Structures are given as structure tokens and as C-alpha cells.
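Engineer: All chains, full assembly: derive it from the sequences and hints.
Quick mapping for you: the protein sequence lines, in order, are chains Y and C.
Using numbering that gives the first Met the number 0, the first residue of the first sequence is number 0, and each one after it goes up by one.
Using numbering that gives the first Met the number 0, the first residue of the second sequence is number 0, and each one after it goes up by one.
These are calculated hints, taken from the structure and not from any lab test.
As the structure is a prediction and not an experimental result, all values here were calculated from the model.
Quick reminder that beta carbons are idealized off the backbone N, C-alpha and C, glycines included.
Selected chain Y positions facing chain C (in silico; Cβ < 7 Å):
| hint | residue |
| --- | --- |
| 1 | R22 |
| 2 | R40 |
| 3 | I46 |
With a cut-off of at most 25 Å between alpha-carbon atoms, the simulated DSS-like pairs for lysine-lysine come out as follows:
| hint | chain 1 | residue 1 | chain 2 | residue 2 |
| --- | --- | --- | --- | --- |
| 4 | C | K130 | Y | K10 |
| 5 | Y | K492 | Y | K412 |
| 6 | Y | K17 | C | K134 |
| 7 | C | K134 | Y | K20 |
| 8 | Y | K21 | C | K134 |
| 9 | Y | K54 | C | K233 |
| 10 | C | K179 | Y | K21 |
| 11 | Y | K431 | Y | K411 |
If you want the ones that stay clear, here's a sample from chain C, every Cβ over 10 Å from chain Y, calculated:
| hint | residue |
| --- | --- |
| 12 | L9 |
| 13 | V14 |
| 14 | L15 |
| 15 | I16 |
| 16 | H35 |
| 17 | V58 |
| 18 | K130 |
| 19 | T137 |
| 20 | W182 |
| 21 | T183 |
| 22 | G191 |
| 23 | P197 |
| 24 | F203 |
| 25 | L247 |
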Amino acid sequence: MPPRPLAKINKIDPAELKMLKKRIDIAMALIIVSAALLLTRLWYLQIYRGDEYAKLSEINRIRIQEIAAPRGNILDRTGQPIITNRPRFNVVWNREDAPNPDEVIKDLAKILHEDISVLLDRIRAATENPRYMPTRLKEDIDWETLAAIENKHLTLPGVRIEVMPSRDYLYGDFASHLVGYLAEISPAELKEKQYASYQSGDQVGKQGVEKIFEQYLKGEKGRNYLEVDVHGFQQRQMQLQEPFPGNDLHLTLDIELQRVAEEAMADKAGAVVVMEVNTGNLLVMHSSPPLHLQEFVGGISQTAWDRLLNDPLNPLLDKTIQGQYPPGSTFKIVTALAAISEGVITPDATFFCGGSLNFGNRRYGCWKKGGHGTVDFQRALIESCDVYFYSVGMRLGVDRIAKYANNLGLGKKTGIDLEHEKSGMIPSTAWKQQRYKEKWQEGETLSVAIGQGYVLTTPLQLCRLTAAVVNGGTLYRPQLVSSVTAPDGKTMKTFSPVSEGKILGSAHSLGLIKEALVGVVNSPGGTAKVVALPDVLIGGKTGTAQVVRLAQVEGLGEKAIPYKYRDHAWFTSFAPAEKPEIAVTVLVEHGQHGGSAAGPVAKAVFKKYFELKNGNKTAPEATPPPVAPDEKEE
Amino acid sequence: MLRFDRRLLLNFDWVLIGAVLAVALVGLANIYSSTHLYTNVGTPLYLKELTYYLFGAAVALLIVSIDYRVLLTLNYPLYIGMILLLLFALVFGKTIAGAQRWINLGFFRLQPSEPAKLILVITLASYYYRKETGKGFTLLDLAVPALLTGLPFILIAKQPDLGTGLLLGFIFVSMTLFVKLRWTTLATLLCGGLSAIPIAWKFFLKPYQRQRVETFLNPENDPLGTGYHIIQSKIAVGSGLIFGKGYLQGTQGQLDFLPERHTDFAFSVWAEEWGFFGSVLLIICYFFMILWGLNIAISARDKFGVLLAFGVVSLIFWQAFINLAMVMGLLPVVGVPLPFISYGGSSLLTNLAGLGLLMNIRMRRYMGTS
Numbered sequence: 000m001p002p003r004p005l006a007k008i009n010k011i012d013p014a015e016l017k018m019l020k021k022r023i024d025i026a027m028a029l030i031i032v033s034a035a036l037l038l039t040r041l042w043y044l045q046i047y048r049g050d051e052y053a054k055l056s057e058i059n060r061i062r063i064q065e066i067a068a069p070r071g072n073i074l075d076r077t078g079q080p081i082i083t084n085r086p087r088f089n090v091v092w093n094r095e096d097a098p099n100p101d102e103v104i105k106d107l108a109k110i111l112h113e114d115i116s117v118l119l120d121r122i123r124a125a126t127e128n129p130r131y132m133p134t135r136l137k138e139d140i141d142w143e144t145l146a147a148i149e150n151k152h153l154t155l156p157g158v159r160i161e162v163m164p165s166r167d168y169l170y171g172d173f174a175s176h177l178v179g180y181l182a183e184i185s186p187a188e189l190k191e192k193q194y195a196s197y198q199s200g201d202q203v204g205k206q207g208v209e210k211i212f213e214q215y216l217k218g219e220k221g222r223n224y225l226e227v228d229v230h231g232f233q234q235r236q237m238q239l240q241e242p243f244p245g246n247d248l249h250l251t252l253d254i255e256l257q258r259v260a261e262e263a264m265a266d267k268a269g270a271v272v273v274m275e276v277n278t279g280n281l282l283v284m285h286s287s288p289p290l291h292l293q294e295f296v297g298g299i300s301q302t303a304w305d306r307l308l309n310d311p312l313n314p315l316l317d318k319t320i321q322g323q324y325p326p327g328s329t330f331k332i333v334t335a336l337a338a339i340s341e342g343v344i345t346p347d348a349t350f351f352c353g354g355s356l357n358f359g360n361r362r363y364g365c366w367k368k369g370g371h372g373t374v375d376f377q378r379a380l381i382e383s384c385d386v387y388f389y390s391v392g393m394r395l396g397v398d399r400i401a402k403y404a405n406n407l408g409l410g411k412k413t414g415i416d417l418e419h420e421k422s423g424m425i426p427s428t429a430w431k432q433q434r435y436k437e438k439w440q441e442g443e444t445l446s447v448a449i450g451q452g453y454v455l456t457t458p459l460q461l462c463r464l465t466a467a468v469v470n471g472g473t474l475y476r477p478q479l480v481s482s483v484t485a486p487d488g489k490t491m492k493t494f495s496p497v498s499e500g501k502i503l504g505s506a507h508s509l510g511l512i513k514e515a516l517v518g519v520v521n522s523p524g525g526t527a528k529v530v531a532l533p534d535v536l537i538g539g540k541t542g543t544a545q546v547v548r549l550a551q552v553e554g555l556g557e558k559a560i561p562y563k564y565r566d567h568a569w570f571t572s573f574a575p576a577e578k579p580e581i582a583v584t585v586l587v588e589h590g591q592h593g594g595s596a597a598g599p600v601a602k603a604v605f606k607k608y609f610e611l612k613n614g615n616k617t618a619p620e621a622t623p624p625p626v627a628p629d630e631k632e633e
Numbered sequence: 000m001l002r003f004d005r006r007l008l009l010n011f012d013w014v015l016i017g018a019v020l021a022v023a024l025v026g027l028a029n030i031y032s033s034t035h036l037y038t039n040v041g042t043p044l045y046l047k048e049l050t051y052y053l054f055g056a057a058v059a060l061l062i063v064s065i066d067y068r069v070l071l072t073l074n075y076p077l078y079i080g081m082i083l084l085l086l087f088a089l090v091f092g093k094t095i096a097g098a099q100r101w102i103n104l105g106f107f108r109l110q111p112s113e114p115a116k117l118i119l120v121i122t123l124a125s126y127y128y129r130k131e132t133g134k135g136f137t138l139l140d141l142a143v144p145a146l147l148t149g150l151p152f153i154l155i156a157k158q159p160d161l162g163t164g165l166l167l168g169f170i171f172v173s174m175t176l177f178v179k180l181r182w183t184t185l186a187t188l189l190c191g192g193l194s195a196i197p198i199a200w201k202f203f204l205k206p207y208q209r210q211r212v213e214t215f216l217n218p219e220n221d222p223l224g225t226g227y228h229i230i231q232s233k234i235a236v237g238s239g240l241i242f243g244k245g246y247l248q249g250t251q252g253q254l255d256f257l258p259e260r261h262t263d264f265a266f267s268v269w270a271e272e273w274g275f276f277g278s279v280l281l282i283i284c285y286f287f288m289i290l291w292g293l294n295i296a297i298s299a300r301d302k303f304g305v306l307l308a309f310g311v312v313s314l315i316f317w318q319a320f321i322n323l324a325m326v327m328g329l330l331p332v333v334g335v336p337l338p339f340i341s342y343g344g345s346s347l348l349t350n351l352a353g354l355g356l357l358m359n360i361r362m363r364r365y366m367g368t369s
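Structural biologist: Rendered as C-alpha cells:
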């Protein structure tokens, strides 16, 4: 660089070089020490505590996303699906992907037919969630909305569709109380031992078989191992563990029969129970009005819940097992069996019914005000003569009636696989003493003998009782589920009929009662002639359960009595008489007449049952014999 | 114009070239690993870095070709140019991550605080060479170099870039200790320095700077906030174990858990993917280069060469040591890059220029007075 001469620089002088060299040596030593320090630190981090950090880095990068398992199907006894699964589409929002969220939300609100504030509220409620977690804006959209969103996909950045398995109710509200519904697991349930493997947000059976058989139905959740970055956004899928579907539940219910029962009860509140008399399998379990299961999908709204709570027809109550009603005259089966078995009467012994019986200083009336005249055992049951059973009841005493009633499964739970079953009520002297600290009044026995007073039964109890009386005396435990099968078809578990033992009463006495019950439907004076079918012999017993004491409604015409004070109507029956197969019990709340309100429901069920059995041959309808208009059977 | 002596070529320092090439290869491979997943637009960063390397090599060659002694006359113009650049950056600089550090040159964003380090080395070497004192420097003698260091220190600390500012201080202290100090001066400085720490803590450190130091002392206090860097870096280094997770397989680096992984935390990526084995290799390579630089210093033909070489070595050493200690959790997080490994054109150019100076001094060690 010629223009700028280098400064005059002398070579370094040896003395100074020596001194500088000493300092360079010190510097070298310090540098080596610092290198050693760094290497030691490296050893400490990577080797001494390496495993610890390796574990931390694993946790850092893998997020496990759970995939809900398709729940097991619920099938009827012929294997026809009743409840399956369908995909449910939710609209989710990922704000990270949207450059201009306000516009997008505005457009989306239009498509969803929602007010924009509803969507914004949801987004606001989710601000505490991690950023990668999408916000659910609307659940379970229909196909039309789905298509609209898919079409506008490009103009809606950040909006995505999430697919979740959800229950598909193929027959709507079919057997709604029995199957129950699903909902998000509650904080209280999460603390229970049986839900130990569940997490917040999981769907769980809340009622009915969905709850009882939860462990079979739920399946195994799948797992998606996602590699994520520091912001939690998914980078790639590392491993996918497919969910394992739940097991299928084969109910004992018969779709066709249940539907007939539901149709017949469409405008009535009450219950229908149909049981195979020789197995205890339930073919129909219907409580009316049904629940609208669709309302429960994704959580029931407060307004819908309030409506259910305040509905006078009480749809939340499963009337088959939770409805407790006085059995009325159907209870005469119990009194009759007790009387014959205990020998307090002979079948031929007659009583005179003049329309009432005086006992103590009270008059106990018969439902037929004019009286039945002279009645024997058969006629007393067929025509449901109250005076006859007052007399028989007095001879028996309440405790002997209670003994037979309990023996027939009344006054205690049947043990069906459903929750919240009620046990009904069979009074006795000991019970009254304990409950009211009072002595039993003889007059009360008269009420009990005709199924009034303290006596309460559930429709299921009466059905089982009927089955036991006509099947030769075996009391079966009611069954709802016949088997559980794995998704590959393998049978996991079968439920065989469970006998709870023989009931009291000889075959002869049971035969006498059965014969009389056939007469109820088929003989001229019978209270249920309306039920008779031409080619099948049906037997049964009607009943009317007083809701209020007669005095309160005395003098009012039938139509003038307020709905809630009207009597409940019962009909419990079986067929075919020669070799009974099914027992059908119908309760119509405030239906007033067992024969005319409850009878036709049973008749429809019988008709369908035998149609199905005989290969869909439709039996010609017989014109029902006219019912005397002035008579109100009890 | 270039008086290029053939003897110079004979004295070409192949050891230094070899060491730098080894470290450069590690640096490029590492930048590829830490950025290949995330650069979707424009030139991949490892290619950019390669360009800087080539450009830097050319600059270094140019420096090699000019006798280093010319710097004795050029030092003040260089110094003034540096101050002007720093002022310019402060006033018109581009703000990245809240700091005004860059000057946009169109094709290149220059971070003037990087060349400032090297220019300070040149300035101090020149000053100490001229100011020869037999008995050692008095406190008063230190006033001028302290001012020379203090001015860029303030300008850089104001950006704010405390790491680079402190680095200037370390260079000043190292070089001053290297030339002779009187004992009294040393003692006074030590006492003054120690008493200055609490005052600086209270009045000069910005809240985020104080927070960084506090976080360093206790990172688990705020694992997602300020402690995050340290924790994630330690996880990355520690989880490398003996042989590492494999090239491009480091989860901490690849998945964005590690912040600033191609710049300040580049070594964490290396340590995660190559383990203890690869890390030791790199550190040995590195410190060999540094020690070799000291060897160059002591073999220089004149005192200016010794001071200059020592200054360059102290510049590279302090950056390396502070960065490595920081990513291993031994020092608080300060923005000091790892020379030749961290991505960044300004830093690379500066360090390559420094190496050019070393080579320059090495090649001219046998030259006579001219």
C-alpha cells in the first residue's frame, strides 16, 4: 500500500517478549481451565443427569390425543339394531389459522343461523385454553350446514369440522327409559371408583342399560400420539392406536312388539310390560310418555329439562319399575290364591253379593252397585266381585295375604338390571305397628283384599306375578339382556333365565285361577271381553286403582272428574291359555277402566305376538262383544 | 498495489485453516438441521450462511493480503466509522425483537455491533502499542482506553444489547490485563468494579436484563416465561446423552421447543443431535483454534502483532465461552452468538475478518522492519 507508508514498527525486544510470553501462558492456562469447566458441565448434563433430561424431552414433544371408541350397539332379541353410532359433526375454530377472525366469524354465524354473539361468547369462554386447542362453536350440525361449510371452506380459514361418534337412535324414542342416554361424565362421577379410567369430557351412560352395561358398551379408547412443537401445534402423527369398539348388547326386547305397545300407548300415560312366562325375558318395557333421547345428545338444555320436570305426565319416571300404583282388582289373583291354598274357601263355596258389605260401622261397597247375587270362586274372579273378596279377605287376615303377596314377588324389588327400581308396598300388621305405631284395623284388610289401601305394585311386579301364576308356579327374575357379543361376533356373556323359586300354591289351585282368568276375557260376564282374540285364548284380570277416595268424586260423571283424580286402569294377562308363552301387563294412568282403557293395548300386543309367531298371518279381527254401558268394572 | 511476497504463501497457516474449516462445516450442518423444517420461503438459511462464509473468506483473504501494520494508521478512522454506524443503527435501525441492532444495506442487514467488537480490538491494540510504559499503566493512563471502550459500550447497551456491550468490556479487561498494569491500579480497579455492580444493577440494567439474571439464578420460577430458554436448552443438551439423537433427529431443536435454535442456541441443537461425543469433539476443536491463536500471538514479529492477535483471540474466546456457558445453564441468557456456529452474517464476517488478521500476523512473523 504505497501511498500510506507503514508505521515504523520495531521487532519485539526479547525482554518484553519473555514477559508477554509469561502472560500468554497464564492466558492459555485460564482458557484450558474454562474448557475443562465447560466439558465438566457437559458431562454433568449429558451423562450424569442425561436420563432425566431425556425423559423431560420425551414429555416435551409427544401429546397423546384420545380417540373416543365407537360404543357397542344395542340390538333387539332378533339381532336387529336399535341403537348404533353415527358420526356427529361439530364446528370448531382454530384462531391461529385465521388472519381476519372477525370476518370469518361473521360469515360463519350466517351459515350456522346463529347470532354472532353466541359464537363470540364461546370463543371468549375458551380463551384460557391452550392456543392449539380448537374451540367448539356448534355441536352436531346437520348435513345441509355441513355441506355449506365445506363449500365455503376456502373463505373460512380457521374453521374446521370435527367428527365424533355419537348415538344414533334408529327408532327414535324406542324404549327410551330402558336404554337410557349418554352425557358428559360429571365431576361427581369422576370421583367414583368405577369411573377411574374416565376423563373429564368423556361420554358415559347416565341411565338405563347404557349406564348399567357401561363397562361392556364403552370399548377401549384409541390413542393418537402426536408430535407437537412448542406451541402445541401438531407436527406429525407418530403412532395411531385405533380405538376398540364396545361390545354389542342383545336385549330381550322385541322391536315389533315394543313398537306396537308404544303406538297403542301413544296418547296415554302409563306402562306396558311383556314377559316370556317361562324365562323371565322381557319382550316389551314401555313407559309412556317416552323421553326424547335426541334431546340428551350433547347435553340436554335447561329449558328442555325444566319442561320434563314440570310435565304433569311425568315423562322422567320409568313407570314400569318406578311407578307404584294400587293394583286394584288385579290383586284379587293374590287373594284368591291365598284363600284356595290356605283352605279358607273351597272353589264351590258361594257368597251372596248384595252390592255392599257392612263391616264394623262402615259399609264396604261392591263396584257393581246392584250386586252380583250368589257368586262362587270362578264367578267372583271373572266378574271381579268385591264383596266375595271382602269376605275371603276377612277369613284370611292381612298377614296371610301379605305372605302370599311377598311370595309372588310383591313388596320387594324384582332384581331387574335397572337402577332406581321401586319395591312397591305390601302391608302387614307388623309393618303397620312399626311404621305408624298403630294396631292394624280389620277393616283395612278388606281394602287390601281388593288391592287398595296401602297396597302398591309396579307394572313389572304384576307382570312377573302373572307369569308365575300361569307358568306352573316358577318366579323368574326379569331379564333385559340376553347376551353380550364382542365386535367380532364372539359371545362374551350370556344371561340364562334365573329362577327365584316356586311360589306357594298347588298346581291345582293355580289351575283354578288360570281357568277363571281365561273366563275374564272369554265368558259372558267377564270384565275384559273386549280383549278376546278369535284364534288365541287369552286370560287376564282387569283392575281399577283409586287415586282418591270415592267420596271426593262421587256424583260426578266420568268425563267431569278432573284428569288427575281419575282412576288408574290395569290389565294383566297371558296367552295362549293352553300353554302360556307371554304375560302382558298394561297400566294406563287415569284410564278409569281396566278393560276398556288397558285391555286394547294388551290385545294389540297379543295380536302382534301371534302374528309374528305364525309367520305374519294376520288374524281376522273379531267384532268385540258390546260392553254394557251402564256397568263400570272394577 | 499489492506487494505480495511469495514467502507469505509458504507461511500460510494451514493448521488454522483446517481448524476453521472443521468448525465451519459443523456450523453449516447444524444450521441446516435447525432450520430446514421451518424455512419455507426464500433462500434456505444454511445456503445464506454458506454465502456469508464465502464472502467472509474473501474479506479475510483481502485482509491477509494487506500488512496488518497499516492498521496502526487506520485505527482512528475505523473507530470513528464504527461509532457513526452505531449511532446510525440507534437512530434509524431496524427493530427486531425489540432491539435496534440492524442497518439495512438492501442485500444484507448489517449489525454494526459485531464489527464494533473487532474494531475495538484494533483500537485498543494500537493504543496500548503506542502507549509504552516500562513500569505499567497508571489509573490515569487507562482513562483513554476506558473512554474508547465506554463510548461503543453505551451505544450498544442502549440498543439494547447487553451481551455485546459486556463483551466489549471483557475484551477491554483482557487486553488491559495483558499489557502491564501497576498493582495499585489493579487493586483500585477491582475494588471499584465490585462496588459498581450493585449500582449498575439498580440504575443501569433494564428490567428485562435484571429479570434474565434473576431467572438464571432460579429458572424454575418461571418455566414458561423467562426461565423457558434455560430449561429447554438444558433439556436439549442433556437429552443428547452419549451419542446424541442423531443428525436431524433432535426433537428439542426440530420441534421448536428450543428458541433461537439457529442463532444463540445453536450449540444446544448440536449437543442434542450428536451427544457428549460430538460436543466434546466440537469444544476440543474450538479451544484448539483458540489456543493456536495464542500461539500466533506469541510468535508475532512485533508487539502490535502480539496485542492484536491476543485481542482477536480474546474476542473469539469470550464469545465462545459466554455462549457455551449460557446454553449449558452456567450463565444467564445474554445474546452472544457462538462464533462460526450460530447463524448470522455480521457475526460471521467479523469473526472471519478476525481470523484473517490472525493469519496476517502469522504470515508476517519473519518479516523485517520496513
